[in-house]
Amino acid sequence: MNTRIKICLLILFSIVTTPLFYYISDNPGLIQNKLINSRIINKIGKKSTVIFDLNTSLENHMISHMKTYEIKAKSISKEELKNYAKKLDIKTDDIKEDSSSYILQNDINQLVINKDTGLIQYKNLKYKDNNINKKITSEEAIEIVIDFIEKLELPCNHKKCLVEDLPKENIYQLRFVNSLEGILNYGYYTKAEITYNGELLNFDSYQLVYKPLKIVPIKTKKQAYDDLIDIPFEEKNLYIDIQKIELVYYSTDLEKSAGKKLVLEPAYRFFGEISRDASFEYFIPAIKD
90 MNTRIKICLL ILFSIVTTPL FYYISDNPGL IQNKLINSRI INKIGKKSTV
140 IFDLNTSLEN HMISHMKTYE IKAKSISKEE LKNYAKKLDI KTDDIKEDSS
190 SYILQNDINQ LVINKDTGLI QYKNLKYKDN NINKKITSEE AIEIVIDFIE
240 KLELPCNHKK CLVEDLPKEN IYQLRFVNSL EGILNYGYYT KAEITYNGEL
290 LNFDSYQLVY KPLKIVPIKT KKQAYDDLID IPFEEKNLYI DIQKIELVYY
340 STDLEKSAGK KLVLEPAYRF FGEISRDASF EYFIPAIKD
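Position 187 (the sequence shown) corresponds to 276 in the working numbering; numbering is contiguous.
Hints were generated in silico from the structure; no laboratory data involved. Just so you know, not all the hints are guaranteed correct.
Restraint-style ranges between C-beta atoms, simulated for each label pair [claimed, not checked]: (1) 188 to 243: 21 to 29 Å; (2) 321 to 215: 39 to 47 Å; (3) 240 to 305: 38 to 46 Å.
25 Å max Cα-Cα, derived PhoX-like pairs, lysine-lysine [what the hints assert, rightly or not]: (4) 161 to 180; (5) 223 to 204; (6) 217 to 248.
Ideal Cβ placement from N, Cα and C applies to all residues, glycine included.
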């Protein structure tokens with residue numbers, strides 16, 4: 090196996106010692122909540138008809154307190170901008186700048202760098218959704234993204250790679266998740282979309298500096314699970330099989346405007362399957378009131 094792929098491997102369970110790729114779902118109907126602007130939550134006061142089947146332990150973990158972090162974007166030098174432009178065959182005199190971002194673009198590639206959030210966004214401008222005549226493997230999709238990361242000389246120190254196959258769109262969606270002090274960071278991760286033909290469509294990567302803010306007390310798994318089952322999902326007669334609960338880092342500040350403080354906080358990630366053969370993912374704040 091190519092050594093570059095190894096950084097994207099996941100140990101599915103603590104008792105497993107052989108690295109395995111982690112595939113979220115072969116179904117595009119992933120229910121994924123970002124703590125804000127959820128489309129699957131009803132107005133407060135309405136009763137949910139969701140049935141939860143808990144197939145993992147609620148035993149308390151050994152962690153009772155965790156850090157929160159203030160997040161700041163890494164400054165991008167002019168030399169780095171010129172390097173990005175060169176890598177994407179964009180003329181350096183075509184670099185545009187406004188109050189919040191740098192824009193590098195030619196007829197084929199677009200790269201936007203947000204000064205406030207450290208987000209680097211790539212978009213393939215030439216791709217047309219023609220007939221798909223082949224389907225690369227998920228491993229090949231991972232390799233394409235890693236090649237692009239190396240091409241731009243971006244850091245690639247991810248601890249976990251999640252791949253979702255979206256057959257209705259003929260693409261793979263990938264998430265490369267790093268960690269802070271051994272805790273996975275789902276707040277700011279690298280994500281990409283690869284067509285079945287092997288073309289990179291979109292790529293997002295945060296270049297950030299994490300500054301510890303304070304130490305906070307953490308809820309138990311049981312308390313977080315109670316919070317989850319109290320949420321009024323608007324889906325009717327939905328059966329959710331909860332297979333994994335893990336303590337992670339997450340952020341509710343992904344959409345904040347310029348000048349606002351970006352904060353990374355502990356959260357519980359609930360993962361499993363739903364009755365419609367799709368995956369379920371939900372983040373519950375973990376800070377104890």
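Now the hints, each set against the structure:
Between residue 188 and residue 243 the beta carbons are some 24 Å apart, a value that agrees with the proposed interval 21 to 29 Å. Evaluation of the 39 to 47 Å hint for residue 321 and residue 215 yields a pass: the beta carbon distance comes to about 44 Å. With their beta carbons about 39 Å apart, residue 240 and residue 305 fall inside the hinted range of 38 to 46 Å. With a CA separation close to 29 Å, the supplied pair residue 161 and residue 180 exceeds the 25 Å bound.
Between residue 223 and residue 204 the alpha-carbon distance is near 38 Å, which puts this suggested pair outside the 25 Å criterion. Annotation: proposed proximity of residue 217 to residue 248 is violated, straight-line Cα distance about 33 Å (limit 25 Å).
Checked against the numbered hints given earlier, this structure breaks hints 4, 5, 6; the rest are met.
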